[in-house]
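> Whole structure, please, built from the sequences with the hints as guidance.
Protein chains in written order, with my numbering: chain L, 140 to 489; chain R, 140 to 489.
Mixed in with the good hints there might be a few duds.
In silico negatives: residues of chain R with every beta carbon more than 12 Å from chain L [claimed, not checked]:
hint	residue
1	P157
2	W158
3	A164
4	Y218
5	R234
6	K260
7	P393
8	E442
9	E469
For lysine-lysine, the following DSS-like pairs were computed, each having C-alpha atoms within a straight-line distance of at most 25 Å [what the hints assert, rightly or not]:
hint	chain 1	residue 1	chain 2	residue 2
10	L	K473	L	K462
11	R	K311	L	K311
12	R	K477	R	K462
13	R	K260	R	K144
14	L	K316	R	K311
15	L	K366	L	K473
16	R	K473	R	K366
17	R	K260	R	K219
18	R	K316	L	K311
Bear in mind the hints are in silico, worked out from the structure with no lab data behind them. Computed from a prediction, not measured in an experiment: that's the story for all the values here. Cβ coordinates follow ideal geometry from the N, Cα and C atoms, glycine included.
Here is what each chain is made of, one letter per residue.
Protein chains: 2
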Amino acid sequence: MIPTKAYAAHSATDPLAPWTFERRAPGPHDVQIRIRYCGVCHSDLHTVRGEWGDIAYPQVPGHEIIGEVVARGAAVGKYKVGDMVGVGCLVDSCRTCASCNDGLEQYCEGGFTGTYGGVEKETGRPTQGGYSDAIVVDERFVVRIPDGLDPAAAAPLLCAGITTYSPLREWKAGPGKRVGVVGLGGLGHMAVKLARAMGAEVVLFTTSPDKAEDARRLGATDVVLSKDEAEMARVANTLDLILDTVSAPHDLGPLMNTLRRDGTLVLLGGNVVPHDVPPAMVFVFSRKRLAGSLIGGLPETQEMLDFCAEHGIVSDIELIAAKDINTAYERMLKSDVKYRFVIDIATIGA
Amino acid sequence: MIPTKAYAAHSATDPLAPWTFERRAPGPHDVQIRIRYCGVCHSDLHTVRGEWGDIAYPQVPGHEIIGEVVARGAAVGKYKVGDMVGVGCLVDSCRTCASCNDGLEQYCEGGFTGTYGGVEKETGRPTQGGYSDAIVVDERFVVRIPDGLDPAAAAPLLCAGITTYSPLREWKAGPGKRVGVVGLGGLGHMAVKLARAMGAEVVLFTTSPDKAEDARRLGATDVVLSKDEAEMARVANTLDLILDTVSAPHDLGPLMNTLRRDGTLVLLGGNVVPHDVPPAMVFVFSRKRLAGSLIGGLPETQEMLDFCAEHGIVSDIELIAAKDINTAYERMLKSDVKYRFVIDIATIGA
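Here is the structure:
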């Protein structure tokens with residue numbers, strides 16, 4: 140067993156606090172990773188506070204994990220000790236359904252095993268995430284961090300990066316296409332960078348005029364204030380694709396009006412409260428589409444990392460010590476971060 | 140000018156009644172058609188009763204038109220006198236926008252000219268539809284009726300046929316695919332026939348148990364009572380594509396549950412009252428899509444007619460005399476037709 144230092148939630152209401160527990164010993168297909176960095180995602184906060192359903196405590200969140208392989212099982216073929224690797228939102232799936240066979244493990248028909256908040260098949264215990272100094276994962280669910288990517292700033296690619304990369308690929312963002320991005324947070328800032336790197340024009344929709352300058356720095360070719368009707372009218376019928384990173388319920392009608400014929404609005408937030416969706420005629424009269432997308436499968440996550448290395452793309456981050464995680468949560472709730480907190484795991488035992 | 144006998148609405152509330160008017164003389168690019176048959180579409184009724192907005196009266200409805208070329212302009216190249224031809228829902232468009240250039244005139248950015256209820260560019264007068272014995276149309280908006288298609292039973296292909304054919308092609312219905320069809324009316328019965336002819340399995344969703352036998356005769360491989368939760372659960376996560384022909388507002392959630400990952404629900408009714416749409420998580424967690432589709436462009440309408448001739452597909456129709464149109468409307472409102480009324484235009488002056 141692998142003794143592991145972590146920051147964990149001990150209830151839905153207490154702040155995160157230091158905790159030690161044991162990881163399973165690596166099985167034949169497992170790699171043991173010394174975690175170096177872990178990004179801080181809104182999902183972490185919602186999960187540990189019980190806002191997405193009851194969970195087991197203590198609970199260690201974190202699913203934007205980067206570290207070095209320090210041990211491996213006898214059957215491991217892809218990774219060797221010393222490799223810089225990543226683990227994202229899932230650490231297992233059924234591996235036999237059509238989605239798993241297609242390398243789309245995030246849509247596993249049996250339900251994937253979350254990196255935290257799930258149940259570890261090998262032990263029957265809760266899975267524990269990356270606010271910790273070690274993790275043991277089957278190599279199928281591990282990706283390689285290419286040379287040249289700063290490992291701290293690459294951590295958010297494992298969730299915010301792949302969540303935006305996958306729909307950009309699925310709906311063919313690229314040269315000659317105009318892509319809208321709704322919201323400039325952790326996901327949105329990655330969406331802007333990635334869509335631009337793919338060669339698309341990028342239009343950022345925001346409610347905050349003070350985000351315009353930063354959006355252009357990140358790659359946006361246009362910035363639209365989404366509550367300003369004249370601004371919205373200016374871009375009516377001009378977009379091929381919109382990635383909507385806003386989870387809170389909102390009216391999709393004004394956004395769909397900015398789509399061209401055959402354009403697609405892709406929801407990235409898995410809200411359980413319906414958005415306001417426009418009437419059928421909006422879909423019928425110009426063949427517009429409403430869709431969704433969830434993170435990405437392992438092959439596409441690797442492809443995304445390689446793409447980011449090729450184009451020099453990482454997340455804009457603020458590196459924090461583990462002890463500052465509770466402050467970071469409060470700031471994240473106020474959108475006071477540009478654009479992702481990442482925990483320096485070397486500080487976890489300090 | 141071409142003297143024309145017709146049945147027209149003279150107000151939103153009066154029954155249709157005989158009327159005579161003049162068509163424009165054929166211009167260089169026009170064909171003059173002696174109409175033989177015209178299908179009766181729900182749109183006809185909604186339009187003449189003013190339910191889709193104010194219109195000019197008298198108004199001749201009808202956009203499922205089949206007849207013979209009896210004269211042509213000097214520049215007409217595709218058709219000659221004696222050819223059996225068809226005219227569908229549109230008789231003109233801007234001809235210059237991206238959609239028109241793509242042969243998708245139904246999505247013309249300037250708005251297409253409806254076969255009735257529009258404004259004829261050549262004369263500035265209201266366009267008048269196919270419940271009449273003559274029509275003059277630019278050859279670009281005319282299609283050829285292939286030999287071997289019964290012209291009376293082929294008339295509904297010009298609206299009900301192309302409206303279902305186009306989304307089946309767009310979303311790649313074919314062997315190995317499972318296609319759901321919601322509602323067994325004029326559109327639904329064509330959707331079942333066409334999807335089956337393309338090689339797909341076809342699941343009919345209906346609220347009427349007494350439609351099951353007929354659905355199977357038409358080609359459905361399964362029939363599901365959409366208000367029966369156990370029946371709906373039986374087909375959960377099994378469909379690649381659903382064509383929803385029901386215009387009245389309804390809850391799309393149960394239908395979307397029957398889609399597989401990456402499945403698409405296509406709305407065919409251009410309702411202005413929103414349907415109930417499920418929350419984002421339904422779209423996100425299996426990349427399901429909601430879309431719409433409107434009739435079809437001229438090239439695809441010709442392709443559809445050729446496909447129908449090759450596969451021996453026409454509409455199931457009930458041929459009526461023109462004087463019986465008002466009775467037909469009342470029966471249509473009660474879904475008392477299998478599956479499309481077609482007017483025998485030879486009776487129009489009787």
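> For every hint, state whether the structure bears it out.
Against the structure, the hints:
1. Non-interface call for R:P157 relative to chain L: holds, since the shortest CB-CB distance, roughly 33 Å, exceeds 12 Å.
2. Against chain L, the non-interface label of R:W158 holds: every CB pair exceeds 12 Å, the least being about 30 Å.
3. In this structure R:A164 is separated from chain L by more than 12 Å, as the shortest Cβ-Cβ distance comes to about 33 Å.
4. Every C-beta of chain L lies more than 12 Å from that of R:Y218, the closest at about 29 Å, which supports listing it as non-interface.
5. Residue placement check: R:R234 keeps its beta carbon more than 12 Å from all beta carbons of chain L (closest about 16 Å).
6. Listed as outside the interface, R:K260 is consistent with that label: its C-beta sits roughly 21 Å from the nearest C-beta of chain L, beyond the 12 Å cut-off.
7. Taking the minimum C-beta to C-beta distance to chain L, about 14 Å, the non-interface status of R:P393 holds against the 12 Å cut.
8. Every CB of chain L is more than 12 Å from the CB of R:E442 (nearest about 17 Å), matching its label as outside the interface.
9. No Cβ of chain L comes within 12 Å of the Cβ of R:E469; the nearest lies about 26 Å off, and the non-interface call holds.
10. Our distance criterion of 25 Å between C-alpha atoms is met by L:K473 and L:K462, whose separation comes to about 19 Å.
11. For the hint pairing R:K311 with L:K311, the CA-to-CA distance comes to about 18 Å; that is within 25 Å, so the pair holds.
12. Restraint check: the Cα-Cα separation between R:K477 and R:K462 comes to about 19 Å, which is no more than 25 Å; the hinted pair holds.
13. In summary, the hint linking R:K260 to R:K144 is supported, as the alpha carbons are separated by about 22 Å, within the 25 Å threshold.
14. For the hint linking L:K316 to R:K311, the alpha-carbon distance of about 23 Å falls within 25 Å, and the restraint holds.
15. A C-alpha spacing of about 20 Å is found between L:K366 and L:K473, which places the hinted pair at or below 25 Å, so the restraint holds.
16. Annotation: proposed proximity of R:K473 to R:K366 holds, straight-line Cα distance about 20 Å (limit 25 Å).
17. A distance of roughly 24 Å separates the Cα atoms of R:K260 and R:K219; the hinted pair therefore holds under the 25 Å criterion.
18. For the hint pairing R:K316 with L:K311, the CA-to-CA distance comes to about 23 Å; that is within 25 Å, so the pair holds.
The earlier numbered hints are all upheld by this structure, with none contradicted.
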